[in-house]
Amino acid sequence: MYVTARENKKNEGKVVLKMSSDENNTNVEKTEEAPPVPEFENPLANLILKKFPSATIAFANPDRTRVNVSKEEIIQTASFIRDELHFDHAESVSGVDYPDEKQIEVVYHLGSYDDPSLSKQIMILATRVPREDNPHPGNDTTKLSSLYEIFPSVAFHERECFEMLGVYFEGNPDNRRLLLPEDWADIPPLRKDFDIKGR
Amino acid sequence: MVDALFLGFAVLTIVSAIAALEMRSLIYGSIALMGTLGGIAGFFILLDSPFVALFQIAVYVGSIAVLILFTVMLVKRELIFKMKEDRKRRYAGIGLMLIMMVALGSLLFSSGLPSITTDEPPVDYKEIGKDFLTYYWPALIVMGLVLAGSITGAIALARRVDGVEDEQRTD
Amino acid sequence: MGTATGIIKALNSGIKHIATKRFTFRYPEQKLKFVGDGYQFDPTSGVGIAGYKGRHILFHDKCTGCNLCSIACEEIAEAIAMPKVPEQWKHNKKAIMPQIDYGKCVFCGLCVDACPFYALYMTNDYELSSFTKEGLIYTPAQLQVKPQVQQDVEIQIDEKGANHG
Amino acid sequence: MVGETVAGYSNVLFMFGFAVVALAPALIISRMIAPRTKSNPVKFLPMECGQVPSGEGRTHFMMQYYAYILMFVIFDVMAIFLYAWGSTLLDLPKTATLPIIGFLGIMFAAMAYALYQTKRKNIW
Amino acid sequence: MSVIAPKFRLGYLIKGVIDNIFWIILLVTLIGIPIVQIVLIYIDFPIIDGEIWNPFRVLDALTHPERALPLVVSFMQSDLFKVVAFPGFGFAALIAAATIFIERKMLAKLQLRVGPFYCGKVEGILQLMADGLKLISKEIIIPAKADKPIFWAAPVLFAATAGAFVALIPVAPGWVVADIDLGLLAVFAVIGFFPIITILSAWSSNSKFPFIGGIRALHQMVSFEIPLILSVLGIVMLTGTLNLAEIVQSQANFPWIIFMPVGAVVFFITILAELERIPFDLPEAESEIVAGWLTEFSGMMYGLVQLGTYLKLYAFAGLFVVLFLGGWNGPDIVPPFPAEIVTDGITILPGALTVEIPGLPLLAHEMINGTIWFMLKTIGVILVILLPRGVFPRIRIDMLLHIGWYKLIALSFVNIFIALALVYGGVIGPGGIL
Amino acid sequence: MSAKLPPGLQLEKVDDRIMTLNVGPQHPGSGHMRIIIKVDGDYIVHTDPDPGYVHRGEEKMAEYRNYITNIPHLERPVIHDSCNILYPYCLGIEELLGLEVPERAKYLRVIAAELNRCVYIQYWLAIYGIFLGHSTMFMWPTGDRELLIDLLEKMTGARVTHAYFVPGGIRNDVPPNFEDVCLRQVNYFEKRIKEYADVFYDNPILISRTRDTGVLSREDAIKLGTTGSVLRASGVDFDIRKKEPYDVYDELDFQSPTLKEGDSYARSKIPWLDMFESCRIIRDALKKMPKSGSVRVKLKPKPKGGDTEIYRRVESGRGALGMYIVSKGKPQPYRLKISVPSFRNLIAMPHLLTGEKLGNMPAVYWSLNYWPVEADR
Amino acid sequence: MSNELIDFLIVSIALLAIGIYGVSVKRNFIRMLFAIEIIINAANLNLVAFARFIPNSEGQTLALFSIAVAAAEVAVGLALIIVAYRMYKNIDVADFRSLKG
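Protein chains in written order, with my numbering: chain Y, 1 to 199; chain D, 1001 to 1171; chain X, 2001 to 2165; chain G, 3001 to 3124; chain S, 4001 to 4434; chain B, 5001 to 5377; chain H, 6001 to 6101.
Note that these hints are calculated values from the structure, not bench results. A hint or two may mislead.
Stated by the list, open to error - Okay, derived cross-link-like pairs now, DSS-like style, lysine-lysine, Cα gap no bigger than 25 Å in a straight line: (1) X:Lys-2146 with X:Lys-2062; (2) B:Lys-5194 with X:Lys-2009; (3) G:Lys-3038 with S:Lys-4148; (4) S:Lys-4109 with X:Lys-2021; (5) B:Lys-5191 with X:Lys-2009.
From just these sequences and the hints, can you work out the full model?
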C-alpha cells in the first residue's frame, strides 16, 4: 500500500485496459488524474501535512483521505484529527499483514457525526508496526499505543485486532480474547502465514 | 374422627417441634417449624376457634415462615448446616426440659383441671370482632402502635449502612 | 388516564384480531406457488431469469462436461463433483456430468450462472430431505428428472386481512 | 362437644390428601416408564446456559426488596385484623368505627414511612 | 429405531407380562382377598332407606335401576364424590385441561396462527392428551446437588395445594367440597402456601436462575396478597359473612361488581399477579432468567406444576365469580322438572316394557342451573384472564412491587371506604335495599 | 462504564452478595453470544459481553475466494439482511473495477435492499417482542415478514439467502407484473405495521418498561461511535442514505427518522419508523424505475482489481455497514474488513447495562439492534 | 379423648418444655427464634383451650393479639439477624460481642 499513488494508477490502468478490451464496453475506468502530491483537492489533507510534515498522504479523494504516520506520531495525529478536524468516532480498526515487509499495518477509519460538512468524509489513519515471525501476542515488539483515550469507540475494534493479528495496544483497558475460542493456541489467524486447512 | 385428628395433630406438633430444633439443616428446620405451627392451627380448629386457626395459618405459615425461610436462605450455605453446641449444655437442657414437663404435668394433674369438659356450643367468630372494637379497642390501638413500631424498627435496622457500592451503581 | 386508554386500545386490538383471517397455511397439504419453473440463466445476455432456486435440473443432451459449474462451486460449497456417466454423447466426450451433494449446496445458483450451454437450471423442488447423507447426493441421472410439484397457494389480500388462499 | 366445626375444614385436608394421592402416581409412573440414562454427568449439572456452573447455586443472594417482605409480615396481620372488623360491621354500633380508623391511621403512617424507606436502594 | 430398547425381544416381553400377571394373581388371592374379608367384617355398611347395603345387595341392585338409584344419589351426596369428582378434583382438572386448550387456540387466533391442529382430527382437541403422554414418558432429570426430598415433593405439593384451594369454591347451592363459615379466610390461608412451595423448590434445585425466579415469585405473591385480601373486604363488610356460599346468596338480585367495580379491578389484577400470568409473569421471565423457578423441572414434574397452575387459575376465576359476579345466580336455563317425575318416577317404554324409576331426577334443577351459570361465568372470567397474555408485555419487578404497594393498596382502601359509605349511607345493610 | 471496574473476579472479594450469571449462549434471552453479568440483587454491577460463539472467520475466508465467489458466504453473517451486507461489497468492487451499474439495476437494488431491511427489522422486532414477554409481537412480525419474503423470493429466487447483488448489477430481472404485486403487498404491509402501535408501541406497559431505561446520551452515542438506530435514537441525524447517498438514494423521497430521548423505547421505535420510510422508498422507486433495460454488466470470470484500497459503507438495517477492501492486483481481495454495525453498537452494551436492573437487561440489550452473528462474522 | 382440657394442656406443656430447651441449649440465633415461636405457640394453645372450655371469646381475642405481636417480634428479630449477619458474617449468638447499629 505504500506504493506511491502514481504507480498505483499505472497498474490499475493496465488492468482495466485489458479487461475493457475483453469485454468491449461498459467497463470504463473512472479517469481521475492523480492529484499533485503536496496540494490535494481535499483541504483536510493539506491541514494534516502542514501540521505533521512527516506524515504522508497516500491518497485524497473528495471524501476519503488517507494519512500514513509513523507509530510514534499516531497519538498526536489522532488528537489533532479529533480536536482540530472534528472527527469524533472510529468506524473500524483493521489490521493488514505485510509479511514481505515484516510489518503490520493498522488502519483506523475515522468519521464524524457532529460536523455535517464532514459527514461524507472518512479519514483513514494508517500506521505500521514491526511484525515478528514467531508471534507472542502481547509480549513481542508488535506493539502500538492505543487510541482508546482519544476515540473510546476503538475499544472493541482494537481488541479484535489484537487477537486477530497480534498487535498489542498499550493503553487499551481490555486486551483479552474476544471472538476466538478460549482454547485458541495458534498464531493470530489473520496473519498471512496462517493458512486455512485445505487451501 | 376428632380423636384421631387430635392424636395426629399432637404427634405432628411435638415431633416437628423437636425436629425444628434438632434438624441439621436450617431449611428443614424451618419446614418442621411450619409443621408445628400448622399442628397448632389444627388444635385451634379442634377447639372450634377457626378464626384464630386461619389467622395462625395465614400469618404464621403464610408470612412469618416465609420470612424465616427467606432469611435462612440469605445466610451462607455452611452456616445453614452448622450446629455448634457443647454436649454438657445439651444434656442440661434435656434435663431441664424433662424436669419442667414432669413438674408442670404433676401440678396439672393434681389440680382440678383434668375433670374439665364442656358440652357448650362454641363461640361465634364474630364475637372476636366485637371484642376488638368495643371493650378492647385501646388494645387494638396499642396493637397498631406495636405493629407500626416494629415495621419502622425492622426497616431502620435492615438498612445497609455501607453506601460505598451505591456509588458504583449510579454510573 | 392515558394508561387506561392505552390498555383498552391494546385489548381492543387483540380482540379484533381474533376475528381476522389466519395467515398460516397448512404446509404439507398446501404448497406455496413460485414464479416460473425455477432460476435460469441466459449466458448470451449475462442476466438470469427470475425463479425459485431449488433443486437443479440437468439436461443431459446439453451438458458438455466442461467442469465450469464445478469450478464455480469449488470456492463456495464444493458441492458439485463430476463423475462419469455410462451413456456417451457426441458433445460430451469425457462423459462426465455434475453430481450435486445437497448436504453442502447453498443454493446460490452461481453454478447456473457459470454454465454456458443452458444445461443446468434450477427447479421449484425444495423438499430434498433424506434419512441418510448419501440420499442427499443427487447423481446426474437423478438430476435429469423433472420434479413433480403441486404448488398452488398464493398470498391473497382482502378486507379481512391477508391469508394464503 | 369440642370439635363440632371440624367437618368442613377436614374436607380441605381430604382434598389436599386426595390430590397428593392422585398426582404422586404420575411422578412414580413417569419415573418407571421414562428412560433413565446416567451416562453423562454434564446432564445433571444445573442450568447455566451451556457453561459449567461457576459458584454455588444457593448463594447469599439478596434482592433489593427485602423491606417489602418485612412489610408483608406486618400488613398481613393488619389486613386480617380488618376482617375481624369487617365481618361484624353490620352488628356493631357506629362508634366502633372510630378505633379502626385510628388503627388504620397508625398503620398508614407506618406504611408511608416504610414505603419511603424502600425507595432507597440500600435496603438489604 | 430408538423407540424400542436395543435389546428388545418379544419373548422377553411376553415372559415379563406373564410373570407380572402371575404375581398379581398370587398377591391378590393371598393378601387382597383376606384383607377384603377382614374389612367386610369390621366395616359398617351404609344404611339407606332402611336397608343395609352390603356388597351383594349392591350387585343385586345393579340389575334393578329403581333400587340402584338411591344408592347413586346417596353416593353423589357423599364427601368422597364431592372430593373426587364433581365440585372437587375431577371437575377442576377437566376445566384446567379445557383452559389450556382454550388458551392455546385463542392465543393462536389472536396471533393469526392455527394453534394445535392435527392431534385428534377436530382442531387438535387431543393435543393436551398427547402432551401429557409426552410429559409422562420423558426423563425426569434432577440436578446434582439438588435437595432431593423437597425437589420431588414440590410439584406434587404445588398441585395439591391448588386442589385444596379448589375445595373451597362453591359451584352450586350445596355443592361445595368444604362448606365452612370462614371460607374466605381459608382461601387466604391456602394461598399463603404457594410462595413457600415456590421458594423451597427454587432453593432446592441448587441453581442460580431458579433461585432468582423463586425470590421474584416470593416477592410478587407476597406483595399482591395484601391488595387481594383488602379488595375483598368491602364485600365482607356489606354481607357480614365470610362464608362463600352465603356471599353468593347475597347476590341474588345484583352482583357486587355493580357496587364495587374498584374492588373487582384490584382483585382481577392481583389474580393475574398471583397466577404469574403475563403481564406479571416475572418469576418465569424467560428472556432474563430462563424459566424462573421452573428451570430445573423436567418431564412430569413440570407437567404437575402446570396442572397446579391451571387448577389455581380455575380456582381464582371461580373465586372472582363467587365474589363479584354472583356465582350460580342467574335466570333458569333448564326448566324445573315436572312434578310427577319427581314424585312418581319416570316410565320408560310404556306399553311394551314398563319400568318405573322413582327418585329421578338425581340432581335438583337449581343445581343444574347453578352449575351452568357458574360455568358460563367462570369460562368468561378465564377468557379475560387469558387475554392479556396476547396483548401485553412483561413488566419489571420493581414496577410490579410499586403497583402492588402503592396503587393497588390505595385502590383497595378506596373500595373499603366505598363500602363503608354504602353501609353508613344506608344504601345497603340494615334498613337499606338489602 | 465497565472499563472503570477492574476485570476479573475482584468484585466478588468485595462482598459475597455478587452473583455471576452467564447469560447465554444457550439462554432464551441472549442470542448467539454470552454476556457475563454480575448482579448485586437486582442490579447489574458488571457487564462483560463475550461474542464469538459463532465466529467463523469470514474475513479470512474472503482472502481465499475471488470477488464473485465471495458473494454467497459474505451474506451469511446477516442472512436476514443479506442484500444490505452485500451492498457495500458490490459498491466497493464496482469502484475497484470501475463498473457502471445500469439504471434499472440501481433501482432494483434499492428495492431489494429496502425490502430486506424491512425483513430484518421485522425479525428483530419479533425477538424484541418475545424478549419483553409479548408473544403476539413475536408472531405478528414473523407472519407479516412472509409478505416481504414472498416478494424477495419472487425477485431473487431464494427466501432468505438471496445472493442477489453482484458487482455490476443484479443477477436477474424481476418477473413480469412484479410491480403490481410488490405495490399491493407493501401497501398491506404498511397497514399491518401500523397496527403494531396499538398492541406494542402505544402499550402503556411497554412504555413504562422501556422509557428511561438504558439512556444513551447524544455525547456518549457519538463518543462510543454507535451507529444506525442507536445513534438516531440519541438525537444524531446520521443516515448514510442521506449523508453519502449511494446508487439512487439521492433521487428518492424519504426521511430518516430521529428521536431525541436515547432510551430503550426510542431505540426500539426507530426501526419501526424506518419501515414506513422503507415502504415509501419502495413505492417511490417502483414509480421512478425505468420499465425495462439492462440490469447487469457483464464481467470477466475472474476480475482482478488494481493495487488500491476501497472503503464503502451503506446504511443497513442496523446502521452503517462498511467494507474495507485492500486489493493487490489479484482476483482475490488481499484483505477484506467488514466493519459491522452490530460490533460497533456492542461497545455501548457494557456502558448501558452496568447499573441497570436485571429486568431491563433484555430490553436494553436487544434495543441496541445487535445481531450476534454479524458481530462475530 | 379430645373433649378434655387436660389433653390440650399436656401438648402445650410439652411444647413449652421443648421451647425452653431450645432457648437454653441452642446458640444459633435462628434456632433460638424457632424456640421462642414454639413457646409462643404453646401459650396460644393454652389461651384458646381455656377459652373454649369456659366458653368465652376473649381467649381467642388474646390469642389473636399474641399472634400479631409474634409477627412483629419475628420481623424485628429477623432484621436483627440480618444486621448481625452483615456485621459478623455469622448467626451464632456467641459471636455477637457488641450489637451496635
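Structure-based check of each hint:
As the CA atoms of X:Lys-2146 and X:Lys-2062 are separated by approximately 15 Å, the hinted pair is consistent with the 25 Å bound. Restraint check for B:Lys-5194 and X:Lys-2009: satisfied, since their Cα atoms lie roughly 13 Å apart, inside the 25 Å limit. Distance check on the hinted pair: G:Lys-3038 and S:Lys-4148 sit about 16 Å apart at the alpha-carbon level, within 25 Å; holds. Among the hinted pairs, S:Lys-4109 with X:Lys-2021 is consistent with the structure: their alpha-carbon atoms are about 8 Å apart, no more than 25 Å.
With a C-alpha separation of about 17 Å, the suggested pair B:Lys-5191 and X:Lys-2009 falls inside the 25 Å cut-off, and the hint holds.
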